[in-house]
Amino acid sequence: MNLQFKKIIFYAAILLAGIFAPIVFPAYTFQLAVLWMMILFALTWDILGGQMGYNSLGNILFFGAGMYICTVVQIGMYYDVAEYTAHFGAVKIDFTPYQYFTGISAGLVIAAFACAIIAVIFGWIVFGLRGPYFAIGTLGVAIAAGELVGAWDYVGGGGGISLPNYPGGPGDREMFFYMLCFISAVCTFIFLKWLYSTRFQLALNAIRDDEEKAEAMGIHTNRYKTIAWSFAAFFLGISGGIFGNMTGFIEPLEVAFPTVTFGIFMVLMVLLGGKGTLWGPVIGAIIFHVIKEITWTYLLGWQWVALGALIIINVVYFQQGIMGWAQEKWPEFFGITVDEAITSAEENSPAEKEASL
Amino acid sequence: MNKIIQVRDVNKSFGGVVANRNISMDVEEGKITGLIGPNGSGKTTLFNSIVGYHPIDSGTIHFDNREISQLKVQKIARLGILRTFQQTRIYSKMNCVKNMLISAAHHNTKWLDMFTEYPQELSERAEHLLEFVGLYSKRFLISGDLSFGQQKLLEFAMALMNEPKVLLLDEPTAGINPTLINGLIDRLKRANHEFGITLFVIEHNMRVVMNLAESIYCLAHGEMLSHGTPEAIKQDQKVIDAYLGAH
Numbered sequence: 001m002n003l004q005f006k007k008i009i010f011y012a013a014i015l016l017a018g019i020f021a022p023i024v025f026p027a028y029t030f031q032l033a034v035l036w037m038m039i040l041f042a043l044t045w046d047i048l049g050g051q052m053g054y055n056s057l058g059n060i061l062f063f064g065a066g067m068y069i070c071t072v073v074q075i076g077m078y079y080d081v082a083e084y085t086a087h088f089g090a091v092k093i094d095f096t097p098y099q100y101f102t103g104i105s106a107g108l109v110i111a112a113f114a115c116a117i118i119a120v121i122f123g124w125i126v127f128g129l130r131g132p133y134f135a136i137g138t139l140g141v142a143i144a145a146g147e148l149v150g151a152w153d154y155v156g157g158g159g160g161i162s163l164p165n166y167p168g169g170p171g172d173r174e175m176f177f178y179m180l181c182f183i184s185a186v187c188t189f190i191f192l193k194w195l196y197s198t199r200f201q202l203a204l205n206a207i208r209d210d211e212e213k214a215e216a217m218g219i220h221t222n223r224y225k226t227i228a229w230s231f232a233a234f235f236l237g238i239s240g241g242i243f244g245n246m247t248g249f250i251e252p253l254e255v256a257f258p259t260v261t262f263g264i265f266m267v268l269m270v271l272l273g274g275k276g277t278l279w280g281p282v283i284g285a286i287i288f289h290v291i292k293e294i295t296w297t298y299l300l301g302w303q304w305v306a307l308g309a310l311i312i313i314n315v316v317y318f319q320q321g322i323m324g325w326a327q328e329k330w331p332e333f334f335g336i337t338v339d340e341a342i343t344s345a346e347e348n349s350p351a352e353k354e355a356s357l
Numbered sequence: 358m359n360k361i362i363q364v365r366d367v368n369k370s371f372g373g374v375v376a377n378r379n380i381s382m383d384v385e386e387g388k389i390t391g392l393i394g395p396n397g398s399g400k401t402t403l404f405n406s407i408v409g410y411h412p413i414d415s416g417t418i419h420f421d422n423r424e425i426s427q428l429k430v431q432k433i434a435r436l437g438i439l440r441t442f443q444q445t446r447i448y449s450k451m452n453c454v455k456n457m458l459i460s461a462a463h464h465n466t467k468w469l470d471m472f473t474e475y476p477q478e479l480s481e482r483a484e485h486l487l488e489f490v491g492l493y494s495k496r497f498l499i500s501g502d503l504s505f506g507q508q509k510l511l512e513f514a515m516a517l518m519n520e521p522k523v524l525l526l527d528e529p530t531a532g533i534n535p536t537l538i539n540g541l542i543d544r545l546k547r548a549n550h551e552f553g554i555t556l557f558v559i560e561h562n563m564r565v566v567m568n569l570a571e572s573i574y575c576l577a578h579g580e581m582l583s584h585g586t587p588e589a590i591k592q593d594q595k596v597i598d599a600y601l602g603a604h
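So the protein sequences, as listed, match chains A and B. Residue numbering for the first sequence follows the working numbering, starting at 1 and increasing by one per position. Residue numbering for the second sequence follows the working numbering, starting at 358 and increasing by one per position.
One thing to keep in mind: the hints can contain errors.
[What the hints assert, rightly or not] Computed spacing ranges between beta-carbons, pair by pair: (1) A:Glu212 to B:Gly372: 21 to 29 Å; (2) A:Gln320 to B:Phe552: 36 to 44 Å; (3) A:Ile23 to B:Thr473: 37 to 45 Å; (4) B:His485 to A:Thr198: 19 to 27 Å; (5) B:Phe552 to A:Ala106: 53 to 61 Å; (6) B:Pro476 to A:Tyr298: 49 to 57 Å; (7) B:Pro412 to A:Trp325: 42 to 50 Å; (8) A:Trp325 to B:Glu481: 32 to 40 Å; (9) A:Trp325 to B:Thr473: 29 to 37 Å; (10) A:Phe127 to B:Asn539: 40 to 48 Å; (11) A:Leu15 to B:Thr536: 55 to 63 Å; (12) A:Trp124 to B:His485: 37 to 45 Å; (13) B:Glu481 to A:Glu332: 51 to 59 Å.
[Stated by the list, open to error] Heads up, simulated DMTMM-like pairs for lysine to aspartate or glutamate below, C-alpha to C-alpha not over 25 Å straight-line: (14) B:Lys432 to A:Glu211; (15) B:Lys432 to B:Glu474; (16) B:Lys522 to B:Asp366; (17) B:Lys546 to B:Asp598; (18) B:Lys450 to A:Asp339; (19) B:Lys429 to A:Glu212; (20) B:Lys467 to A:Asp210.
It should be emphasised that the hints constitute simulated quantities derived from the structure, not laboratory data. Computed from a predicted model, the values in this text were never measured in an experiment. Backbone N, C-alpha and C fix where the C-beta goes; we use that ideal spot for every residue, glycine too.
All chains, full assembly: derive it from the sequences and hints.
What follows is the structure, encoded as structure tokens:
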């Protein structure tokens, strides 16, 4: 009961901090919004990378796809998309508040489901690959997607699309997008917390530990893999839609499919925090984002070197990440323990003796 | 007696190497059947063919009067043929209880069952079986940290958790010390009697296989050399020349 109470206090504190942070630190609203987005990235990457052992380097695909799908739906509901993108830089169409909010809501919902479907289709193709081949295969798909969108004039090609203006003041705009980021990250966390309490998590872990054994035991491995990826894609699609609107301008290579920044960051954050845990990605994302912002501000020019050093330290000395390290240091806290009472009672039973030989 | 697995004229080659040539054999329901033969004689290949790990070149394999040689590994496992591996395979980063729970049978799981918690009776069964193999007190340890012998016991318990009709065991006693072997033989027999699971065992340890099996097949160079009761096999000159005599 006491523990339950402490947990409620803990979660309530995080929620309150999330809601009041931009009010207390209004100058950092955009950075805080990006932080929630980073948490969402890390959480969704960990579904495959941590829980299932499939290191995808192409999850950014769903971020970019969500961004473009959301934008096209938003605009397409009220204007001709090809005409709007051709207008780019010239006449700017003003959306009424009604058009804007209905557009963004529909866009986010459609982006989420469309990305889940894309994951099913790509999963069908790339899940035949294992280990490093899967990583390279997914990376290839993400890069190809960026190039393809860049060559597609209907969505503005390499010139990108300027998103509809937010119908309100700049302060309102920042708060609106902060809240969207905050809510989507919290929803992702709650969803995964529930998902990892069901047999779904055990099946993912079984695939991670020994996929061939899982097959031999009759687990529907393809079903689990595909659904897991489409969950990740669903939430990444939403985050892409939000991020596109938050930046106000999207183009294929730097914003929508930034393979070498966001695409790699999502992997690093999970490695830093600890793979295959619920809290690891969250902690990793927070630390990573803070370090990144500090080095970008105070070590400008050397920021990539600092980041590289962090990666090397992490990968060489600290492979299991923060949560993995904690689990090794305090196993009892994580329930990894020998049942002492039983051991002493069964000490004399032959079965136990044999087993301990 | 009902022949639960019927293998007829199965051929399997890897490039120029013929691993199985015209193999025909039966596994009788409710019994323990042994499979012996020198290294490289095609025993594990035959196992792999039965569980659908690779396609066979020709011949038929029937399980419960159903042709299964075209089916996939998972499908065959869900029908009720399960195998353990020569190199013990468990889910090494999960604890023993989780290893057991995920091994529960998947043949009648529906789509939405993926998102449910495990029912109480499954947890109880998992604990009961862990007790059966003597790992109850270690049930919350990460299974990869257990000793090799304990991992073998865990793999066996996982197979029982799945409630298969037939269990194919690939060298269950390899690498296990003699004391533990006696306990394992006893448990294999109990699994056969008490849980009614048909066993089909590859085994190099003659004491074990003679003690365990009621019917033994002997392979050599990919061909079926001999078949009979343990006594008959011991007396068979062909088997002695090819295998037993080598000791």
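Right, here's what the structure says about each hint:
1. A:Glu212 to B:Gly372: 21 to 29 Å: holds, 22 Å
2. A:Gln320 to B:Phe552: 36 to 44 Å: holds, 39 Å
3. A:Ile23 to B:Thr473: 37 to 45 Å: holds, 41 Å
4. B:His485 to A:Thr198: 19 to 27 Å: Hint holds: Cβ distance 23 Å, inside 19 to 27 Å.
5. B:Phe552 to A:Ala106: 53 to 61 Å: For Ala106 (chain A) against Phe552 (chain B), whose Cβ atoms are near 56 Å apart, the range 53 to 61 Å holds.
6. B:Pro476 to A:Tyr298: 49 to 57 Å: holds, 55 Å
7. B:Pro412 to A:Trp325: 42 to 50 Å: holds, 46 Å
8. A:Trp325 to B:Glu481: 32 to 40 Å: With a Cβ separation near 34 Å, Trp325 (chain A) and Glu481 (chain B) satisfy 32 to 40 Å, so the hint holds.
9. A:Trp325 to B:Thr473: 29 to 37 Å: Distance hint for Trp325 (chain A), Thr473 (chain B) holds at roughly 33 Å.
10. A:Phe127 to B:Asn539: 40 to 48 Å: Roughly 44 Å apart at Cβ, these two residues keep to the hinted range, so it holds.
11. A:Leu15 to B:Thr536: 55 to 63 Å: Check passed, 57 Å falls within 55 to 63 Å.
12. A:Trp124 to B:His485: 37 to 45 Å: For Trp124 (chain A) and His485 (chain B) the Cβ distance comes to about 40 Å; the hint holds.
13. B:Glu481 to A:Glu332: 51 to 59 Å: violated, 24 Å
14. B:Lys432 to A:Glu211: holds, 15 Å
15. B:Lys432 to B:Glu474: holds, 23 Å
16. B:Lys522 to B:Asp366: Holds, because 23 Å separates the two Cα atoms, which is no more than 25 Å.
17. B:Lys546 to B:Asp598: violated, 30 Å
18. B:Lys450 to A:Asp339: holds, 19 Å
19. B:Lys429 to A:Glu212: Since the Cα atoms of Lys429 (chain B) and Glu212 (chain A) sit roughly 12 Å apart, the hinted pair holds (cutoff 25 Å).
20. B:Lys467 to A:Asp210: holds, 23 Å
Checked against the numbered hints given earlier, this structure breaks hints 13, 17; the rest are met.
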